[in-house]
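Participant: Those protein sequences? They're chains A and B, same order as listed.
Note that my numbering has the first sequence beginning at 31, numbered continuously upward.
Note that my numbering has the second sequence beginning at 12, numbered continuously upward.
Simulated from the structure, these hints should not be mistaken for lab results.
Backbone N, C-alpha and C define an ideal beta-carbon position, used for all residues, glycine too.
Keep in mind that the hints are not guaranteed to be accurate.
[To be verified] The following label-pair restraints were derived from C-beta to C-beta distances:
1) B:134 with A:211: 31 to 37 Å
2) B:126 with A:113: 32 to 38 Å
3) A:187 with B:88: 44 to 50 Å
[Unchecked claim] Distance condition first, Cα-Cα at most 27 Å in a straight line; then the derived DSS-like pairs of lysine-lysine:
4) A:115 with B:122
5) A:139 with B:95
6) B:122 with A:139
7) B:182 with A:142
8) B:182 with B:108
9) B:108 with A:115
10) A:142 with A:126
11) A:115 with A:198
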Amino acid sequence: MPYIALHEGVTGIRAAMAFRPETAGPLNDLAETLLHAPHTIPPGERELIATYVSYLNDCYFCQTIHGFIAAASLDGDEELVKRVKADFQHASISDKLKALLVIASKVQKGGKHVTAEDVEHARSLGATDLEIHDAVLIAAAFCMYNRYVDGLGTWQPHDDAMYRERGKRVAREGHVTVSKEYLPANAFVDAVAK
Amino acid sequence: MAHIALPEGLPGISSGFAFRPETAKPMRELAHILLHGANSLAPAERELIATYVSTQNDCYFCQTSHGAAAAAHLGSGELVKQVKTDFQSSQVSPKLKALLAIAGKVQQGGKNVTSGDVEHARSLGATDLEIHDTVLIAAAFCMYNRYVDGLGTWQPHDESMYAQMGEHLAKQGYRTPSIAQPEPALK
Chain A
31 MPYIALHEGV TGIRAAMAFR PETAGPLNDL AETLLHAPHT IPPGERELIA
81 TYVSYLNDCY FCQTIHGFIA AASLDGDEEL VKRVKADFQH ASISDKLKAL
131 LVIASKVQKG GKHVTAEDVE HARSLGATDL EIHDAVLIAA AFCMYNRYVD
181 GLGTWQPHDD AMYRERGKRV AREGHVTVSK EYLPANAFVD AVAK
Chain B
12 MAHIALPEGL PGISSGFAFR PETAKPMREL AHILLHGANS LAPAERELIA
62 TYVSTQNDCY FCQTSHGAAA AAHLGSGELV KQVKTDFQSS QVSPKLKALL
112 AIAGKVQQGG KNVTSGDVEH ARSLGATDLE IHDTVLIAAA FCMYNRYVDG
162 LGTWQPHDES MYAQMGEHLA KQGYRTPSIA QPEPALK
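All chains, full assembly: derive it from the sequences and hints.
Facilitator: Here it is, written out as structure tokens:
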């Protein structure tokens with residue numbers, strides 16, 4: 031049972047966002063820029079960082095939906111997503127992404143855990159300042175989204191088929207477009223006016 | 012030394028915002044709605060929640076700048092100090108104490124919040140929107156604090172700078188920079 035009167039039958043962060051569309055706007059814009067917008071890190075890899083941090087924060091909804099978005103962006107490779115969550119150092123991902131996942135896991139514990147060596151290591155493997163910045167901010171942002179989803183006691187059904195279908199749609203259309211499914215129409219008046 | 016090449020002369024989150032304006036925009040907007048927008052919780056109360064969470068996360072820049080914003084709203088920094096040290100013995104309302112308790116649980120992890128915590132806040136008059144915003148303020152500062160410290164930003168210990176920022180934040184909110192931007196380098 032959610033702790034406050036969220037819409038029934040709406041899952042996870044969607045219920046919280048539908049309750050407060052004013053904050054849903056920037057929350058979705060941030061996710062869109064970090065995870066879906068054009069970038070030197072492919073969307074699948076950015077979604078893997080989001081999935082891994084959500085897994086460390088033990089947020090079922092976020093690790094599941096972002097895991098399926100990642101898989102959809104990685105030719106449907108759900109095994110790779112499982113592997114990254116279980117032991118990313120031995121997963122079939124690039125050394126650069128491993129170094130960014132190390133930084134993300136430090137941020138998850140607390141910003142001060144990131145060391146100059148962690149950053150130098152990522153840089154030596156080809157990570158740019160923008161990529162390091164975004165790895166830090168994706169990890170930090172999921173320390174917010176995860177707490178938001180669990181802190182309100184949102185409904186998080188265990189239904190892989192639902193998350194898989196939704197993951198494909200978000201991978202294709204992005205976070206902002208898909209948010210129109212669950213946000214009231216007038217939440218987009220501002221966006222259209224701009 | 013910051014971990015990446017952030018613009019020099021800008022403290023704390025201002026340097027991250029200047030480095031990446033695309034993410035700064037929604038982050039500023041979120042802070043503006045949560046801390047400065049119209050709300051049944053006073054801006055000072057919301058800044059106290061932000062300050063308390065930032066203190067729990069040991070982020071010097073955020074706890075000092077938001078503490079200064081709270082002090083600017085309140086006209087004094089005394090209550091801010093009390094809340095940071097021991098909010099249960101401070102002069103804030105029982106409702107705000109109950110919301111600070113929820114924020115403290117969110118800081119440790121979302122699952123720490125119990126229905127008992129929420130019922131207690133509600134019994135003291137907290138509305139669903141106030142409970143929602145408390146959870147989201149606490150969650151958002153778990154992001155801002157990690158962003159500021161995770162990039163190794165410059166966080167000068169300069170009380171007058173934070174006091175000025177606090178005045179700006181209290182009056183203008185979060186949509187525009189609260190600190191003078193350095194002059195562009197001469198070409």
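Participant: Could you run down the list of hints and mark each one as holding or not?
Facilitator: To see whether the hints hold, each was checked on the structure:
| no. | hint | verdict |
| --- | --- | --- |
| 1 | B:134 with A:211: 31 to 37 Å | holds, 36 Å |
| 2 | B:126 with A:113: 32 to 38 Å | holds, 36 Å |
| 3 | A:187 with B:88: 44 to 50 Å | holds, 47 Å |
| 4 | A:115 with B:122 | holds, 20 Å |
| 5 | A:139 with B:95 | holds, 21 Å |
| 6 | B:122 with A:139 | holds, 16 Å |
| 7 | B:182 with A:142 | violated, 31 Å |
| 8 | B:182 with B:108 | holds, 25 Å |
| 9 | B:108 with A:115 | violated, 38 Å |
| 10 | A:142 with A:126 | holds, 21 Å |
| 11 | A:115 with A:198 | holds, 19 Å |
The structure is inconsistent with the numbered hints 7 and 9, although it conforms to all the rest.
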